[in-house]
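Visitor: Residues per chain, in single letters:
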Amino acid sequence: MKIIKDKVSKLSFVALLVTLTAAMFYTPTASAHGEKSQAAFMRMRTIHWYDLDWSKDEVAINETMTISGKFHVFSGWPETVDKPEVAFLNIGIPGPVFIRQGSWIGGQLVPRSVTLELGETYDFKVLLKARRPGDWHVHTMMNVEGGGPIIGPGKWVTITGSMSEFVNPIVTLTGETINLEDYALDNVYFWHALWYAIGLAWLVFWVKRPMFIPRSIAVVDGKADSLISPLDRKIGIAFALGTVVLVMASMGATNDAYPVTTPLQAGLMRGIKWIDIPAPTVTVKVEDATYRVPGRAMQMTLTITNNGDAAVQLGEFNTASVRFLDAEVYEDESGYPDDILAEEGLTVSDNSPLAPGETRTVEVTASDAAWEVYRLADLIYDPDSRFAGLLFFFDEEGNRQMVTVDSPLIPSFI
Amino acid sequence: MAATTESVKADAKEAPLLNKRNLFAGLMLYLVFYVWVRWYEGIYGWSAGLDSFAPEFETYWMNFLYIELVLEVLTASILWGYIWKTRDRKVMSITPREELRRHFTHWTWLVMYGWAIYWGASYFTEQDGTWHQTIVRDTDFTPSHIIEFYLAYPIYIITGVSAFLYAKTRLPTYQQGLHLMYTISVIGPFMILPNVGLNEWGHTFWFMEEIFVAPLHYGFVFFGWATLAILGVVNTEVTAISKLLKKDLA
Amino acid sequence: MSASQSAVRSRAEAVQVSRTFDWMILFTLFTAVLGGYHIHYMLTGGDWDFWTDWKDRRLWVTVAPIVSITFPAAVQACLWWRYRLPIGATICVVALMLGEWINRYLNFWGWTYFPVNFCFPSNLIPGAIVLDVILMLGGSMTLTAVVGGLAWGLLFYPGNWPIIAPLHVPVEYNGMMMTLADLQGYHYVRTGTPEYIRMVEKGTLRTFGKDVAPVSAFFSGFVSIIIYFLWHFFGKWFAKTDFIADDEL
Chain A
1 MKIIKDKVSK LSFVALLVTL TAAMFYTPTA SAHGEKSQAA FMRMRTIHWY DLDWSKDEVA
61 INETMTISGK FHVFSGWPET VDKPEVAFLN IGIPGPVFIR QGSWIGGQLV PRSVTLELGE
121 TYDFKVLLKA RRPGDWHVHT MMNVEGGGPI IGPGKWVTIT GSMSEFVNPI VTLTGETINL
181 EDYALDNVYF WHALWYAIGL AWLVFWVKRP MFIPRSIAVV DGKADSLISP LDRKIGIAFA
241 LGTVVLVMAS MGATNDAYPV TTPLQAGLMR GIKWIDIPAP TVTVKVEDAT YRVPGRAMQM
301 TLTITNNGDA AVQLGEFNTA SVRFLDAEVY EDESGYPDDI LAEEGLTVSD NSPLAPGETR
361 TVEVTASDAA WEVYRLADLI YDPDSRFAGL LFFFDEEGNR QMVTVDSPLI PSFI
Chain B
415 MAATTESVKA DAKEAPLLNK RNLFAGLMLY LVFYVWVRWY EGIYGWSAGL DSFAPEFETY
475 WMNFLYIELV LEVLTASILW GYIWKTRDRK VMSITPREEL RRHFTHWTWL VMYGWAIYWG
535 ASYFTEQDGT WHQTIVRDTD FTPSHIIEFY LAYPIYIITG VSAFLYAKTR LPTYQQGLHL
595 MYTISVIGPF MILPNVGLNE WGHTFWFMEE IFVAPLHYGF VFFGWATLAI LGVVNTEVTA
655 ISKLLKKDLA
Chain C
665 MSASQSAVRS RAEAVQVSRT FDWMILFTLF TAVLGGYHIH YMLTGGDWDF WTDWKDRRLW
725 VTVAPIVSIT FPAAVQACLW WRYRLPIGAT ICVVALMLGE WINRYLNFWG WTYFPVNFCF
785 PSNLIPGAIV LDVILMLGGS MTLTAVVGGL AWGLLFYPGN WPIIAPLHVP VEYNGMMMTL
845 ADLQGYHYVR TGTPEYIRMV EKGTLRTFGK DVAPVSAFFS GFVSIIIYFL WHFFGKWFAK
905 TDFIADDEL
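Sequence lines, in order, name chains A, B and C. Counting in the numbering used here, the first sequence runs without a single skipped number right up to 414 at its last residue. Counting in the numbering used here, the second sequence runs without a single skipped number right up to 664 at its last residue. Counting in the numbering used here, the third sequence runs without a single skipped number right up to 913 at its last residue.
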């Protein structure tokens, strides 16, 4: 009977370990990143991402891919979010499924936080190296101090291969090539195990003798002094001296082994270059804007004036990463994620080319299920019911102009 | 574990002082359960737990939350009700051996309380750290919270109150008055749960980042200190057990 | 309860019972203190403890000892005065580090896949042993606070340096200099943890040039002395066995 019991208990323990291991080596398909929960006004009026390109849809372990594009820091930045004086170009992925080999804003490497200027547009690039297999939603993302994460569009990327093959070689300034994935890991384990063993030894030295009840009785009876023997003191001194000596000796040996070390690097990076975009020659005045709840559509009345020297047409309205296009004017060929691309979602009452010098008032409708799916329609419940976005105008030669809009929004429930 | 009341009438000589099987089974119950929970998190945290507006989040996480809340209320009501209902009304007249046996049962409860606190306050609380710092949290009911706040914390609360009730209803030591430190050691960690209100309010109101050492989290710290009150319980217990053993140990 | 009756049948049984209680008390003390200490430590010094790119010469060295001397001081106050057991600090630290290691391995690595060489905990054991031995030798709260508290602060950085030094080797990366620890923080993406929340190398301390860590450790030791006193009293309070009378409830 006892043998069976032992076997059962052993097997249960094995089963426990197997369960845990199974969970650890599971290759998942991760869902999106919670961008939908962010207040619509925050997504519409902070960072606008555009011209995005995910260089690959599928990438093998150890291979790299890039996400590049531009972001516009909206001048109508909401009052409830701190201004991007301290911001960090992050990447929205579920943990280190990729490592971030590099990230650049305006050509400058940005491993640290930066200051961004309202109203300016920056180009950026993030270089990722695949580390953990699975299907992952990879988002652009900007963290703003006092505002939290501001998530941009995400696209599914598949990583193939095995994580055990992942390597992260780095050449140090002392000339060594190391694999950062497991560099110095043995050293970490060694010192922790050694010190833990010393701590345990001190505990065992005391725990192996009768503890609470007899010792309490002795203390209550006034025999407390008898509980610490001269040998205990000697061994205690040995432990304490041994500890101090080991700390000093190991520190000395470490300094000999690593003569060149530097402090952690920190500090804000200012003066990040933005793109010099000429002022648009098209001006837009929002006369009114409504969101029609039943139709999942936003309607704007815009008065557009063309002060340039070429006729233009409205081709795209981009807000909170959702892009509404007028297919007759502009088609997306970048492979932008389907769920946030309404290829025929933009309707303009009169979208004939607007001649230079001409002013026209048009009804513009941006409609797509994305209003609901991406919870942009919740804008009407926000404490500051405004909408904002980017309008892109195109001339016959395909030249593009970006105009920002920012205006109150009235919901219509019927 | 709470069935010793009746043993007053039964032949006390027959029952062992410490029911080791209960002790082992109790420890294993928590261990196996929490390993399963960890497995569930490992799988469904990634696949269904990142977007609280996705239908699979409702299926795997919100339903988990509803079920656990119902089970916790049921377990607490039944367990606490049972311990109270079967209380010993003649607790001052039990034999020393029976008292010793009950101290062992009481310590079985306290071992479970310590074990449950470990899982709640250490394992799942720091685990919450890695989850937050890895993902963008989009709901109060993010998977790690559904486990930490609404499962592991209630479990140690249920266990702690059970231990307290057992002591109060079956041990002569706790008959008169209210043991201050025992009360603190149960109420303090309990208060961590309502403090979740402050935490979530603060995170939606002004604290957007998941920085663990943020002052917003100090409420948890303050109530965490209350676990030290277990020292007072240990001292009271050692004094009580010493009285029972002193002349035999001498 | 009759005083003439005995709870045990023999002295041997009494010894065995007492020993069984030792283990049960020890287990509960270990796990409960682990829970309380861990939640306290992770929420007052946790970020510095989680990641190598937070383990700097200035704030980590200052904060970690100050916030971690708390529970050791309190548990010492009970275990020493009531039982003459000089293990209060070590038991706390051994418990805390066990809890941390389990988590870093099973969750930081096993759930969110950060390499262990990026998220290992700080080593607190040297200070704990010295704190326990000083209390045992002197039997004095004041001596332990002043000498032990100072040692707690001073030993922290050198006790951890052999573990973190390899990660402070510099590297040139796309035209910038970083330590390997900085690079870990940059490479291994923490989506919910932007770089700017790192509290490292703040302030200048120019006067002291390279000697920032010793100054920080000395300051930390100084505050640890004060915190030790405070928490030793907390410990004594938590060790009380008072009852509130029924009519006062």
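Take the hints with a grain of salt, since some may be wrong.
[Claimed, not checked] Straight-line alpha carbon distances no greater than 30 angstroms define the calculated DSS-like cross-link-like pairs of lysine-lysine that follow: (1) A:208 with C:900; (2) C:866 with A:208; (3) B:657 with C:866; (4) C:900 with B:660; (5) A:223 with C:904; (6) A:208 with B:660; (7) B:660 with C:866; (8) B:499 with A:208; (9) A:208 with B:434; (10) A:129 with A:70; (11) B:499 with A:223; (12) C:900 with A:223; (13) B:504 with A:208; (14) B:499 with B:434; (15) A:285 with A:83; (16) B:504 with C:900.
Calculated directly from the structure, the hints in this document are not laboratory data.
Visitor: All hints, please: hold or fail.
Guide: Comparing the hints with the structure gives:
no.: 1; hint: A:208 with C:900; in the structure: holds, 25 angstroms
no.: 2; hint: C:866 with A:208; in the structure: violated, 46 angstroms
no.: 3; hint: B:657 with C:866; in the structure: violated, 57 angstroms
no.: 4; hint: C:900 with B:660; in the structure: holds, 25 angstroms
no.: 5; hint: A:223 with C:904; in the structure: holds, 21 angstroms
no.: 6; hint: A:208 with B:660; in the structure: holds, 21 angstroms
no.: 7; hint: B:660 with C:866; in the structure: violated, 58 angstroms
no.: 8; hint: B:499 with A:208; in the structure: violated, 41 angstroms
no.: 9; hint: A:208 with B:434; in the structure: holds, 21 angstroms
no.: 10; hint: A:129 with A:70; in the structure: holds, 21 angstroms
no.: 11; hint: B:499 with A:223; in the structure: violated, 44 angstroms
no.: 12; hint: C:900 with A:223; in the structure: holds, 20 angstroms
no.: 13; hint: B:504 with A:208; in the structure: violated, 38 angstroms
no.: 14; hint: B:499 with B:434; in the structure: holds, 25 angstroms
no.: 15; hint: A:285 with A:83; in the structure: holds, 25 angstroms
no.: 16; hint: B:504 with C:900; in the structure: violated, 34 angstroms
The earlier numbered hints that this structure contradicts are 2, 3, 7, 8, 11, 13, 16.
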